[in-house]
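Asks: Listed below are the residues making up each chain.
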Amino acid sequence: MSSISKYFSGLFTGIKSLLVGMSVTWKELWTKKVTQQYPENRDTLVISDRFRAELTMPHDENNEHACTACGICEMNCPNGTITVNFKMVETEDGKKKKVLDTYKWDLGMCTFCNLCVLTCPSDAIKFENTFENAVFTRDKLKQQLNHEGSKMREKKKVERPAAPVAKAPVVSEVKVETPAAEVKPAVVDTEVKAVVPEVEVKPTVVDAEVKVELPIEEAVKADKEIEAESKDETTEK
Amino acid sequence: MQEPLEISNLTTWLDTTLRGIMPSMWVILIECVLVGVALLAAYAVIALILIYAERKITAFFQARYGPNRVGKYGILQSVADMIKILLKEIVKINRVDRFLFFAAPFFMIVASMLTFGAIPFGKGLHAVDFNIGVLYVTAVSSLGIIGVLLAGWSSNNKYSMIGAMRSGAQFVSYELSAGFALMTIVVLAGTMQFSTMIEGQRYCWNLFNGHISSMIAFVLYLISGHAETNRGPFDIPEAESELTAGYHTEYSGLQFGFYYLAEYLNMFIIASIATTVFLGGYMPIQVHGWEGFNQVMTFIPTYVWFFGKTAVLIFLSLWVRWSFPRLRIDQLLNLEWKYLLPINLVNIVVMVIIVLSGLTLTDLFPSLF
Ligand code: SF4
Ligand code: SF4
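Just so you know, the protein sequences line up as chains A and B, in that order. Per my numbering, residue 1 is the first one in the first sequence, and the count goes up by one each step. Per my numbering, residue 1 is the first one in the second sequence, and the count goes up by one each step.
It should be emphasised that the hints constitute simulated quantities derived from the structure, not laboratory data.
Pair by pair, the computed Cβ-Cβ distance ranges are:
no.	chain 1	residue 1	chain 2	residue 2	range
1	B	Asp97	A	Ile47	48 to 58 Å
2	B	Ser357	A	Ile15	24 to 34 Å
3	B	Ala311	A	Val34	19 to 29 Å
4	B	Ile83	A	Asp49	36 to 46 Å
These figures come from a predicted structure and were not determined experimentally. Where a beta carbon is used, it is the ideal one built from N, C-alpha and C, also for glycine.
This is chain B alone, in the form it adopts within the complex (with noise of 0.2 Å):
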């Protein structure tokens, strides 16, 4: 099949090239250092769009325009908003724990940079494709938790400290209910790695190939991936009427950067995963059959449907942020210990009886999916 608009075309490309010129030592050792400028290149980028786009959908849910005055449409707000933040002083602040307070924002990007390099964003766009893509990405998208917490401990301030402890309480809670949505499907897919994963929702993505079952771990994993991202409804750890900024309130220029850049990608990351688990990821929309229409589809590159599903993710996140109010913190344990995991444990139970019993839509109809 021709794929004229991959960038997978232009990384083969370059790997054969590079592997006629020098040892393979050496490419590989030049391949990763590219692979890591290019992913922090699109860390930040995704984060600039990422926050133009909130400020925006925020300001239309609120019917206001947004930023429209630097450049047209204020598409640049967020660069030069960019530039300010480097520009910024980074205030030393009296008897924190230096170190600690140091560390906490790298172990923050550090996290959310580790579950980046593991997320397929398109055909061969893909830094490691583990057999545990499943595992290894819930592994360590929570050791984002070790930042927030480091962070309100060593910044010795009664707000921060409260912050980092409701969000270690939150963080805690909802990483379970993730993860048990995310084995749901696991169950489904019978396997944990990402590539093969996509490959099995080519003509049904596991949203409804697990019908039932899939739509609930779907919205569930949506409900905890929110919670876990600390925005929305589930934002009390840094409740502004409450405790000025959280866990961040002491952190300026730069190191506050880190936290915003990840709040951002967390969000992010939450939407891709979820794109990738549930809604086929990169995968154009394929049918059994028609083929002059798979081939218009396979056309669009695989990129621009990994991320257009996951924009569309993403404005549910918005939207959902924009819609409820905060929730206290005994309606934020209520809802995950009484609600989301009680019927996250039915519904894997509910799952491993619809596969085994060969009630999936695959199972069912072969010959359309």
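Chain A on its own, in the form it takes in the complex (with noise of 0.2 Å):
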């Protein structure tokens, strides 16, 4: 008898679930279509800001970019996409400074791993979302980056200080004053900076070290007085 029951209830539950499954379909016959009809929308298109496409160097209406020609990108890609060219020019007051030549990013070659921007200590290069990167050439996805005559652009005073508050330690305040009117980039002050508290540091780990072998070396003797005591006890005996 109950699998009689059985037989009718699983009959009739199979055709209502297969009833309710093609309602869920015939609602999603009508619903809207999700298609993008690439070249058709082309202006109404939205792509993600986010959206890795194109690495670019920003300019400023003076074209100044605020690359420093430190070579850390390229040193960070995985992929050797990326080649910054430098030259040493000499300063007004005879130091030597390197300055950007041509940045050169080979798109073929690109992962759009984004290490490259996050590395940056300069912020100088960001990924733009302009998808339409086809080209016919393999020559064509190579690209230099830096505009022709390009430079680089000089920290502004009121700018300075908050950059390298973030990233050096604490120190950094008493130094802001004194490098202000030159054209040092921010980089090497983390720079300096970052060592002294190295060197305060290095001893108290040395100390740490000379305190823990202390203690074990009681212990050694100590257990050799008493083995030897021992020793007597038994050869006493």
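The task is to assemble the complex, starting from two chains supplied on their own in separate frames and drawing on the hints.
Replies: This is how it looks when you write it as structure tokens:
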């Protein structure tokens, strides 16, 4: 009896669930189509801002960029996509300084991992979402990112402390005033400052090591004494 | 009654003029050739339209647009595909049974062509009007399975083989249900001849005439017919995720085109048989006593009625196809042998009782229907 009722209840629940399924697809039939008709909808197309399509080096209205030619992006690129060519120039006060000559980026070799942008200490490069990059020859994929005749942007006095504070340790505040007039990039500052605390830290580490060793030596000594005593006892017996 | 748009006007005119100028033997010969050519052309055209319709409807079910680049709304897409498939190379496969491998697609095509000839597309658009039409159609349409089995067997490939075996199990099972469902209606209509059957449905379709029993038979026929076409949730013979393409894995070019065509045409054939048997075929909707209404309805040519009703059923089949997941082989056989077949057998008995005790709608309300 139960198997018969099971048969029929199974039959009817089956039919019901099939009808529910068909009603779902019926509704789906009338939903708005999600297809993006690409070349036609070019004007209204929305591409996420975070979409990485093309590496760019933003230049301001004076044709100036923020790249210090430090080469960190080149070193960090896993594919060797970036080549930073720099030249050495001498500043008025006789210091030698790296200046960006050409910044080469090969779209065809880039995996769009974003490491270059993340590691650039000057925020000189960024990815744009301009995705229409198809070209007919491979050579056209090799781009030069710095514009013709561009030069590095001088650091403004007001902006300067803000940038290093985030990255460097607290000590930085003392040094802010001195290099203000010079063309020194922020990176150099942070490197110098970073050394100071390291020196301070090292000796404490050494101390700790020494201290740790001491008790061990004492313990060993104590052990030896106990051993010696017990030996004496056994020999006496 | 005046029916200016009927194609049968053209055919009768052709017949009388031909008979006027040559002996009747020649006339018959020429007409045979013409009918054959017309059927083949219809076969190809219907397949193209179906392929386009299926791709569009499928896309709509998936919130896409479907083909929309070749011609306006992609209308020429299936024509382009056809040209492509005609130009493609037929790849020679090593170590197949050459003869059977080449013969198999023809079995498929011939089976569906033979069925095609017996379908009444409209008044007078009926190549052969057998007095055992239903039996003939059931018998001939099941020949297609030979093509499938041969294809799987001769391909010398395990995927094709498994696909063909599954198809065999499926086809043999569901053919039974489809046949019984049609027999239920034969009991009701009292004839196996399509033209008489359609004439009998002038005021009341068989679907409503036998009420409960007819409706059940209709649903059963649609399910088993759908299963016979190897589509939708019943596509284990060509389950692409397990068997690449099932029995036609090794076919390419035109030979593959044959299978492709036959698949769509089988869908059409199932729908058109269901139309003819259950939905009054090419008969326009007619109501007792409403002469004006009937006049307007008959003005719409019969082939439009036929294709309209068939299109609705084809849409239903596509709807089912894109709603349900594929069945496992055991579920598939369960469905047939544990549910459809017993229900079918009981249904025939019910239908016999309904007919014998005069409970059909035409018997109950003779003034209405
Ligand atoms: S883009 Fe950034 S990381 Fe690369 S060289 Fe210029 S400043 Fe250095
Ligand atoms: S995104 Fe990655 S691969 Fe591309 S240039 Fe930058 S670091 Fe190299």
